[in-house]
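Take the sequences, apply the hints, and build the full model.
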Amino acid sequence: MVEYFRDQFFGLPPVALEAAQVVFLPLPFDLTVTYGRGSAGAPERILETSYQLETFDEETHVDFAEAPRIFVAPAVHPRDGEPPTGYLARVSDAVRDLPPARFLLSVGGEHLVTYGIVRGLYSENELRDLTIVQIDAHCDLIDQLEGEQWSHGTVMRRLLAHGCRFIQIGVRSLSKEEYLLAQGNPNIDIYYAHELHQRRQALLSRLADLTGDVYVSFDVDGLDPSVIWSTGTPQPDGLSWQEAMAVLRALFSNRRCCIRAADLVEFIPDPNPPGCDTTACKIISRMLAYWWTGQSR
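Per my numbering: the sequence shown = residues 413 to 709.
Check the hints yourself; a few may be wrong.
Said to hold, decoys possible - Distance ranges between label pairs, derived from CB positions: (1) 672 / 489: 19 to 27 Å; (2) 612 / 641: 39 to 47 Å; (3) 497 / 614: 36 to 44 Å; (4) 559 / 479: 28 to 36 Å; (5) 512 / 470: 16 to 24 Å; (6) 598 / 670: 31 to 39 Å; (7) 561 / 690: 45 to 53 Å; (8) 606 / 574: 41 to 49 Å.
Source of the hints: derived by calculation from the structure; they are not laboratory data.
For every residue, glycine included, the Cβ atom is placed at its ideal position computed from N, Cα and C.
Spelled out as C-alpha cells, the structure:
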C-alpha cells in the first residue's frame, strides 16, 4: 500500500532541506482582504489536495517522485494583534534564513505576502534591477486601499517605491489613479486582458528576452473564472489555462534571466472539494516542472 503524506506536496515522503532543490513556503495570511476571505486556508488545502496529482508531468516529462525534491518549510502564521508590517518582516526573515541555491515557491494567502518574500530575497540595490512578472486581474498599484497603505491592493505600489519593474498580465480592473500612474511610468508595462489576443506574440517575445533577476507572482484571479472561480475578487475575461501556461513556459525557458522564486496567491479553498483545488495544485506543479526543465538544459 502506498503511504501518502498529507502535509507534503504530492504526498511524497518528507525531504530534508539540505537534499531539496525546491522550498515550498506556506504563508496563511489574509488580514487585509476587502471582499472574499479565506485565502489563508490555501497552503494547507493545496498540500492536502496535491497527493491527488500524478507526480509525472505529461508536458515536460518531469517526475517529481524522482526530482526535483521539495522541502515543505514551516508555515509563517500571523500572530494575534500583529500589524501587516510585522507579519511581512517575519516573512522576510524566514526567507533570508533559507539556504541559497534553492528555488522558492511560496503559497499565500493574500497578495500582500509578495512584499515580504521579495524583501527577503533581494537587497535594496538588487530591487532596482528586479522585474516582477505578475499574472493578475488587478494592478495592485493603488497608494491606499480603504485608508491602508499595507494591503493586498497596494503591494505592488510599495515595491514600485524600491525601483522594481513590472510586467502585469491579464489586468482588467484598475482605478484611474493606477491607470495614470502606469501611463507615465516606464517601469510599468501592462498587458490588459482585452489586448492579449492582439499582443500575445509580443508578450511572449518580451518574456523570452528578459534578462537579470525576475520574480513571478501568480494571482489566481488573473485566470478566467471558468478556470478558477474560487478567489476573493474574481473578474470575467481572464487568461485561459493555455494562455497562462504559455506565459510560464516562455519565462522559465529563458536562460538569460534568473528566476529564483515565484508565488501563488489569492486562492480560496473551495467549500465543496475538489472544485478548484486541483487546478491550483496543477499551477504550482507546472511552474516547478517548467523551472526544473529550464535548469536541466
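**OP:** May I ask you to test the hint 45 to 53 Å on the CB atoms belonging to residue 561 and residue 690?
**Re:** With Cβ atoms ~36 Å apart, the hint is violated.
**OP:** Mind checking the hinted window 31 to 39 Å against the Cβ distance between residue 598 and residue 670?
**Re:** Given range 31 to 39 Å: violated, Cβ gap about 22 Å.
Original post:
Is the gap between the beta carbons of residue 606 and residue 574 within 41 to 49 Å?
Top reply: Violated, at about 30 Å.
**OP:** Given the range 28 to 36 Å, decide if the beta-carbon distance of residue 559 to residue 479 lies inside it.
**Re:** violated, 48 Å
Original post:
Has the hinted range 36 to 44 Å been met by the Cβ atoms of residue 497 and residue 614?
Top reply: holds, 38 Å
Original post:
Could one say that the CB atoms of residue 512 and residue 470 fall in the range 16 to 24 Å?
Top reply: violated, 32 Å
Original post:
Is the hinted range of 19 to 27 Å satisfied by the C-beta distance from residue 672 to residue 489?
Top reply: holds, 24 Å
Subject >> Whether the CB-CB distance between residue 612 and residue 641 falls inside 39 to 47 Å >> reply: violated, 24 Å
When held up to the earlier numbered hints, the structure conflicts with 2, 4, 5, 6, 7, 8 and fits the remainder.
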